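Position one of the sequence shown corresponds to residue 4 (the numbering used here), numbered consecutively onward.
Derived from the structure by calculation, the hints contain no laboratory data.
It is possible that part of the hints are untrue.
Said to hold, decoys possible - If you anchor each label on the Cβ, the simulated ranges turn out as follows:
1. Asn100 with Thr12: 19 to 25 Å
2. Ser63 with Glu8: 22 to 28 Å
3. Arg77 with Pro10: 30 to 36 Å
4. Met104 with Arg83: 24 to 30 Å
5. Gly80 with Met104: 30 to 36 Å
6. Trp23 with Lys49: 33 to 39 Å
7. Ser11 with Phe78: 27 to 33 Å
Keep in mind it's a predicted model, so treat the numbers as computed, not measured.
Think of the CB as a built atom: it goes at the ideal place given N, C-alpha and C, for glycine as much as any other residue.
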Amino acid sequence: MTRDEAPSTRPYLIRALHEWCTDHGFTPYVAVAVDASVQVPREFVKDNEIVLNVSYDATSNLQLGNEFIEFKARFGGVAREVMVPIDHVVAIYARENGQGMAFPAPVLQSETQAQAPAGPSLQVVSSDPGADADVPDAPPPASPGGGRPALKRVK
Numbered sequence: 004m005t006r007d008e009a010p011s012t013r014p015y016l017i018r019a020l021h022e023w024c025t026d027h028g029f030t031p032y033v034a035v036a037v038d039a040s041v042q043v044p045r046e047f048v049k050d051n052e053i054v055l056n057v058s059y060d061a062t063s064n065l066q067l068g069n070e071f072i073e074f075k076a077r078f079g080g081v082a083r084e085v086m087v088p089i090d091h092v093v094a095i096y097a098r099e100n101g102q103g104m105a106f107p108a109p110v111l112q113s114e115t116q117a118q119a120p121a122g123p124s125l126q127v128v129s130s131d132p133g134a135d136a137d138v139p140d141a142p143p144p145a146s147p148g149g150g151r152p153a154l155k156r157v158k
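Let the hints inform the model, and build the full structure from the sequences given.
Below, the structure written as structure tokens:
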């Protein structure tokens, strides 16, 4: 099986990080690149991106599948259906400490299915200097004093 034929690891990594957040009392958030294939409340989309709280407390009928993340949630007090293709998830991280993982952004389609430039890529920056020691080209710590990690947008 070649690399192109192998199934994506993205849904498995998303489920693993969601479970890690839940097990440790953190709130899992996903950053999503939005185009016509993403079903989210458009009024909350900014710069073709939306960040969603995917904790069990904030969602109903959450399904973290291999192709889609699906759930019901309240936005401004109104229950809405959400369906996000897995390949549109550009990051999953814990709200409380920013730890998580970023993924390559997809090539977005406009509402008319014309080619649009890809959304911004996200990079998780850790404040723990040793946390990314084994990762090549790891980003520098957010602050030398061990401050709170941040999700940094790289354009």
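#### Entry: Earlier hints that do not hold, by number
2 and 6
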